[in-house]
Structure formats: structure tokens, C-alpha cells
Amino acid sequence: MDIFLNLLSVILREGFIYGIMAIGVYITYKVLDFPDLSVDGTFPLGGCASAALITLGVNPIIACVICFGAGALAGLVTGILHVKLKITDLLSGILVMTALYSVNMLVTSKKAVLSIFNMNTIFNTGLGKLLYDIFGQWGWVIMAAIVCIIVKILVDIYLSTKSGLLLRGAGSNSLFVTSLGRDPGNMKILGLMLGNGLTALSGAVLTQQKESADVSSGTGMVVMALAAVILGEALFGKVSFIRATTTAVLGMMIYRTGLTVAMQMGLDTIYLKALMSGLFIIALLVGRENKKRQNNSVLRSRL
Amino acid sequence: MKKKMNYKTMALTTVLGAAILLSTACGSTSGSKGSTGKSSDIPTIGVIQYTTVPSLDNCYKGFIEGLESEGYKDGKNIKIDFQNSNAETATADTEAQTMAQKKYDMVAAIATPAAMSAYAACKADKIPVVFTAVSDPVSAKLVTSLDKSGTVCAGSSDKLPLEAQVEMIRRMLPDAKKIGILYTTSEPNSVTDLELIKKIAPKYDFKIVAQGVTNASEVVSGAESLVQKGVDCINNFTDNNVVNNLPSVLQSATKAKIPVFGSEEGQVYDGCLASVSIDYVALGKETGKIAGEILKGKIKPEESKIYVAKDGTPFINTDVAKELGISIPDEYKDATMVTTGSNK
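For the protein sequence lines, the chains are A and B, in the order given.
Counting in my numbering, the first sequence tops out at residue 303, every number present.
Counting in my numbering, the second sequence tops out at residue 647, every number present.
Read the hints as simulated data drawn from the structure, not as lab findings.
Possibly wrong hints are sitting among the right ones.
Pair by pair, the computed Cβ-Cβ distance ranges are [what the hints assert, rightly or not]:
hint, chain 1, residue 1, chain 2, residue 2, range
1, B, Asn380, A, Thr98, 48 to 56 Å
2, A, Ser240, B, Val441, 34 to 42 Å
3, B, Asp614, A, Ile150, 52 to 60 Å
4, A, Tyr271, B, Asp508, 45 to 53 Å
Quick list of in silico lysine to any residue cross-link-like pairs, SDA-like style, CA-CA up to 25 Å [unchecked claim]:
hint, chain 1, residue 1, chain 2, residue 2
5, A, Lys110, B, Thr517
6, B, Lys406, A, Asn124
7, B, Lys405, A, Leu106
8, B, Lys429, A, Lys110
9, B, Lys364, A, Gly266
10, A, Lys110, B, Ser520
11, B, Lys406, A, Asp2
12, B, Lys379, A, Met265
13, B, Lys426, A, Leu106
14, A, Lys110, B, Ala390
15, A, Lys110, B, Ser630
16, B, Lys426, A, Val261
17, B, Lys406, A, Phe4
18, B, Lys406, A, Gly266
19, B, Lys406, A, Lys110
20, B, Lys429, A, Phe135
21, B, Lys501, A, Lys273
22, A, Lys110, B, Ile503
23, B, Lys406, A, Asp268
24, A, Lys110, B, Lys532
25, B, Lys426, A, Ile146
26, B, Lys481, B, Ile511
27, B, Lys429, A, Phe117
28, B, Lys481, B, Val523
29, B, Lys379, A, Ile146
30, B, Lys406, A, Leu12
31, A, Lys110, B, Lys379
32, A, Lys110, B, Pro505
33, B, Lys481, B, Asp535
34, A, Lys110, B, Leu499
35, B, Lys480, B, Lys501
36, B, Lys364, A, Leu130
37, B, Lys405, A, Lys110
38, B, Lys480, B, Ser630
39, A, Lys110, B, Glu498
40, A, Lys129, B, Lys480
Note that CB positions come from ideal geometry on N, CA and C, so glycine has one too.
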């Protein structure tokens, strides 16, 4: 039972931290319908930048904010490449992801791994320290949850503002946005900035929790985040009182649970990738089937 | 509505079912690593190997031998949970955290990224971490100094015997001026080694021409570019990416008739001219002994001294020497002479 609880704490902690990225990817993939591959580069960007800033003695919370800004800048580049220079969505993402490798190496001053063991992070100063002193490792879970929930609420609030509505319009009905005299392209760029900013923030929080950053930690992040978004929508999308941002976080929890359970049961790690893809495919199929049913019922009600 | 619910339940069952099926299917071969964790009183050691390359495989092999020489045998009086993180830090993190949560008695980590994940996961619970194949544990902040760890980490470091290697290159190639180095910018060991060799080279009147690459596909063009820059030889580190793509490096170099020096004996068997290298099995064995002593309570990780493997043994490939018309200097007459592929 102890082990079960302990593992649950790991799943929840990682779920909340990676969940921030899932919210970001939800914005680019679901709201904007933009398969953004730059995420594989912005995630380590957040991690490396946060490690570098903390080494310089910057306050860890401010470091998180700066990392969000850095990620948003990367998203801006992806957006400009796609919207202004008319490069395809996939390629824009790949180009930025590739270039970010160089940026990340610059940020860490050419170190592949940057450790910040026992330096100040959001998890061992202020509120984080207080929570850890009271709850032990569950304090970390609570801290991760706090960050994730603040992000979720802010994103929910933003999506219901006028600008947020236009952002949603840019993805689902760009003609409507144009008819309001707004440029859907600019809204797309804004969405990409938001999505990548959140991804970088997720990387920054993870780095502060595990106290080291790795320039190659981005591999597989797009797949993980997309799978979480799709899985979350497929399983919880129909539950009316759960917001879409929450389904992304829940999807990440389920995904991490699958991985941890598999590892726990002694699955050789070489099969993890196949398992990840398998989960992804199932989620996609379920999501599509759900949509088909929805469309059918809409048609039926119209008839 | 009822139908929809069914669908959702079905989806959930499928997803979880798939996970469990897959894992039990593969888990049956890997023994009793069940979710109950420590089921008996024998100590459990978790091992995280960062990726699969010959030097790290040898470390693990040696680690097991070292434990056995201390009287610990897997399945008898200890349990070993071996995990490979396939060169992904996120996987290494999850593995390390799982091991820490299961309250293993010790986590052994092979290579720097694995060691960092293990340390991050274990330090709060004060679970001893024994690392090996970490070139610079101090700059990775795993230990405070090589003489006295000061953290839960103990283990061994594999400083490449670069000085001996450069000296060997000088003696074998008396007229050479430039040593070409091909390395991967994301591999911490290589970056440290490069800094080091840059300091050593002037002593032997060499200039270092470094070429960084970022992935496997760039190794060929990297090697070609070194050849174009007129280097007199190419020297390898224990760079996982470059070593995995050694045939492409050898091809470019052989075409230009310049020798390649390796960092492990395996590379000499594969066609490098020579190397002064660390015996990774021996390094792993020393690490296994340290692990055994910690289990027995003989040493405390906090006070332990990091074992540093510095003394290399020279290996020379006589086939390659003959082909390139290089005579073997008298100083290296006692080196281990091998021929291409003779280890297979």
C-alpha cells in the first residue's frame, strides 16, 4: 500500500508538471489545429534557461516567468515562419525545434547537462519548502498542483476573454475572425506563443523539481503531450463540467499512469516507445469514434 | 447516453488493459520485479544504465562481478532490478523515482545522465547512489570533491587517459601537427574531454582541430570536414554517438590515409590504429566492490573516496599499422597487439 501511495505521488507530481505542457499543446493542437513540433525544443529551452538563471542567482519564481517568455519567443518564431513566411505548419515547427538545440547549448554555455543540486528552486524555498516540511514528498505534489492549477485557471480565463474567443475562432472558423476585421494569422501567432510559453514553463518547473537540466530532454515531448491531449479528450471530453484544459491534464495523468504501471510490472524499457504509440493510436481511434457519434446525433436531430 | 458511457468505459479498459497485458507479457521473463517491490529481507539494488554502448555494457558486467567478489549474487542474497533508459532523461527520471519510492537499498547508475536522475530521486530519502562511467562527478555536482563525496553518492569516475593517449600519438606519428577530434555536442563527457585535450596538446606540440556534431547523420560529414581541414589523425573519445558510427569515420579517414585513434580496446579491434584505454569491466568491478562495501556498512557514501580510473593500457592494431606504413615505436613493443576483428 505504501508503495502504491508513493508511486501515486510520482504519477501525480509528473502529471501536474507535464500537464502544464499538455495545456500548452491543447491550445496549439486543439484550439488552433496546429501540430506544433517546436515543443520538442521549447521544453528543454525552459529547463536549460531555468537552470542557467538559478545558477546566476535569479529568484526561482522570476526564473519561471522568464522561461515562459523565452518559450513564447520561440513560439513567435514558429508563428512568423508559418503565418508570415508561408512555411507549412509541420516544417515551421521542425525548423524551430532544430534551431533551439543551438540556443539551448548557448543557454547552458555548451554543457549538455546543467545541475542545480541544492540551489534555490520553487520546491525548496518559500511555499515549496513549507509544504515539503509539512507533507514530505506530497508537498512536491501539492506545489506542482498549485502551479498547474494556476496556469489552468489563467488559461481558462484568457480563453473566455474577447481575445481568447478570437483565438478559438482562428482555429475553428478563420473566416469569422476575418469578418470581424481581425487577422486570424496574428491570432495564430499569439496562440503559438502561449502554447510554447507554457511548454517552456513546464520544462522549467520539471528542472527545478529534479534539480538538473539536460539539452536532450525534449525528445518525445510532442508525442507525450499530444497523446495526453487526445487521450484526455477521448475519455473525459463528454463530461460537461470538465473543461478542456482539465482533460489535457487528466490525459497526462492517465498517460503517466500507463507508463509507470508498465515499468512497475517489469516491462523492459525498450518496449516503452511501442506502448506509447499504442496508447496514442487507441486514443486517436476512440476520439474519432466519439466525434462520429456526435456528428451522427447532430444530423439526426436536424432531420 | 448509455451507449456513450459504455464506449468510454470500454476505451478506459482497453487502454489500461493494453498496458497491463503488454507489461505482464514482457514482465514474465524479468523475474519477480512485481509491484510489491521488496518482498523479502534481501537487499534490492536498482541499476539504471543510460544507454546501450559497449563501454557501458562492460561497466554493468564488471559491476555484477564486483558485487559477486564481495559475496553478493543476484537472486541469492541480493535482488537486482536492471533498467535501461534508452538515452532518454525522462525515462531515467521515472526509473530512478520508481526505485526511490520502492525504497530500494541502493541505486546504481551507469553514465552521467543516469547518475543525475538517480541522485535527484534518492537524495531526499538518503538512499545510497553508486555511479560509474561519470567523467566529472564534481562539475555534475554529484559529489563535493573526489576525496570525500559529501553526498549520498559514491562510485567511480572514468577520466580518459588522454595524456598517455596524446603521448602515444606523438610517438607513433613523429611528424604530425594536427589532431582532429570528432565529438557530439550534447555528450557531457566529450565536452569535458575536449577541454582537457586542448590543454594537453601543446605540451606535445599538437594543434587540436575539433568538429562538433549533433546526431548520427552528421558523423560522416563531420569526419569528411576534418579530413578536408588537413588533420594528420583523428582521435575518438568515449563519445557514444561517434563510437556507434565508427565505420563511417574509419571510411573517410582510410580514404585519406590518415589513422584513427580510439578510446577503448573495442574500437582498435574494429579498425582504429591504437588506443590507450580504460578497462571498463575493471572499472565496473571496482564500482561493484564499493557497492558491496556500502551494503555491508563498511563505508558510508558521504565519506567515500571516488575511485578514478586513470591508468590506461595501450592496444595497437597491427593490420592497420601495416596498411598505413606506420612502424610501432619501441616504447610500445609491450602493448597488446591485435588484428582487425580478432575479438569476434
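We went through each hint and held it up to the structure:
| no. | hint | in the structure |
| --- | --- | --- |
| 1 | Asn380/B to Thr98/A: 48 to 56 Å | 50 Å, holds |
| 2 | Ser240/A to Val441/B: 34 to 42 Å | 56 Å, violated |
| 3 | Asp614/B to Ile150/A: 52 to 60 Å | 55 Å, holds |
| 4 | Tyr271/A to Asp508/B: 45 to 53 Å | 52 Å, holds |
| 5 | Lys110/A to Thr517/B | 12 Å, holds |
| 6 | Lys406/B to Asn124/A | 22 Å, holds |
| 7 | Lys405/B to Leu106/A | 38 Å, violated |
| 8 | Lys429/B to Lys110/A | 31 Å, violated |
| 9 | Lys364/B to Gly266/A | 21 Å, holds |
| 10 | Lys110/A to Ser520/B | 21 Å, holds |
| 11 | Lys406/B to Asp2/A | 10 Å, holds |
| 12 | Lys379/B to Met265/A | 21 Å, holds |
| 13 | Lys426/B to Leu106/A | 29 Å, violated |
| 14 | Lys110/A to Ala390/B | 19 Å, holds |
| 15 | Lys110/A to Ser630/B | 39 Å, violated |
| 16 | Lys426/B to Val261/A | 24 Å, holds |
| 17 | Lys406/B to Phe4/A | 12 Å, holds |
| 18 | Lys406/B to Gly266/A | 16 Å, holds |
| 19 | Lys406/B to Lys110/A | 35 Å, violated |
| 20 | Lys429/B to Phe135/A | 17 Å, holds |
| 21 | Lys501/B to Lys273/A | 39 Å, violated |
| 22 | Lys110/A to Ile503/B | 20 Å, holds |
| 23 | Lys406/B to Asp268/A | 20 Å, holds |
| 24 | Lys110/A to Lys532/B | 23 Å, holds |
| 25 | Lys426/B to Ile146/A | 24 Å, holds |
| 26 | Lys481/B to Ile511/B | 6 Å, holds |
| 27 | Lys429/B to Phe117/A | 14 Å, holds |
| 28 | Lys481/B to Val523/B | 19 Å, holds |
| 29 | Lys379/B to Ile146/A | 45 Å, violated |
| 30 | Lys406/B to Leu12/A | 18 Å, holds |
| 31 | Lys110/A to Lys379/B | 45 Å, violated |
| 32 | Lys110/A to Pro505/B | 23 Å, holds |
| 33 | Lys481/B to Asp535/B | 5 Å, holds |
| 34 | Lys110/A to Leu499/B | 15 Å, holds |
| 35 | Lys480/B to Lys501/B | 13 Å, holds |
| 36 | Lys364/B to Leu130/A | 44 Å, violated |
| 37 | Lys405/B to Lys110/A | 36 Å, violated |
| 38 | Lys480/B to Ser630/B | 18 Å, holds |
| 39 | Lys110/A to Glu498/B | 11 Å, holds |
| 40 | Lys129/A to Lys480/B | 56 Å, violated |
Hints 2, 7, 8, 13, 15, 19, 21, 29, 31, 36, 37, 40 from the list above are not met by this structure, while the remaining hints are.
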